[in-house]
Amino acid sequence: MRIREQARRGCTVLELEGRLVSSEIGALVTTFEEIRSRSTLAVLVDLTQVPLADAPALRALAFLHESLLGAGLAMGLCGLQKQPATLMALLGLREPLFPAHERDSGSSVAA
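Using the numbering used here, the first residue of the sequence shown is number 1, and each one after it goes up by one.
Because the hints were derived from the structure by calculation, they are not lab data.
Incorrect hints may have been included.
Pairs of lysine to any residue residues, derived as SDA-like cross-links and limited to a Cα-Cα distance of at most 25 Å, are as follows [to be verified]:
1) Lys82 with Arg59
2) Lys82 with Gly26
3) Lys82 with Thr48
Start from the sequences, fold in the hints, and give me the full structure.
So, in structure tokens, the structure goes:
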């Protein structure tokens, strides 16, 4: 998995590319720890290029979400693809943590 980071108006955008699986979650955890130490207001995780995720990685993402909230930061998801979205719903993570909203393009956005 590749992580590309961009800062935009007090928000950090993380563009993930590849499979979001537990064996590769360490880099994402490190990135979130670095973001928490900076003066950013929110984190947007773009999953447009993530076709596959496993349950441990999605649970870790939910934990990172809670961690950011605890630090007073907001987090949102965008570009959630079918398999990760389905698994997130099956795990009961989607609505409590990332309520979905629909865009005109039909892609799912969570905030």
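Against the structure, the hints come out as follows:
| no. | hint | result |
| --- | --- | --- |
| 1 | Lys82 with Arg59 | 17 Å, holds |
| 2 | Lys82 with Gly26 | 24 Å, holds |
| 3 | Lys82 with Thr48 | 10 Å, holds |
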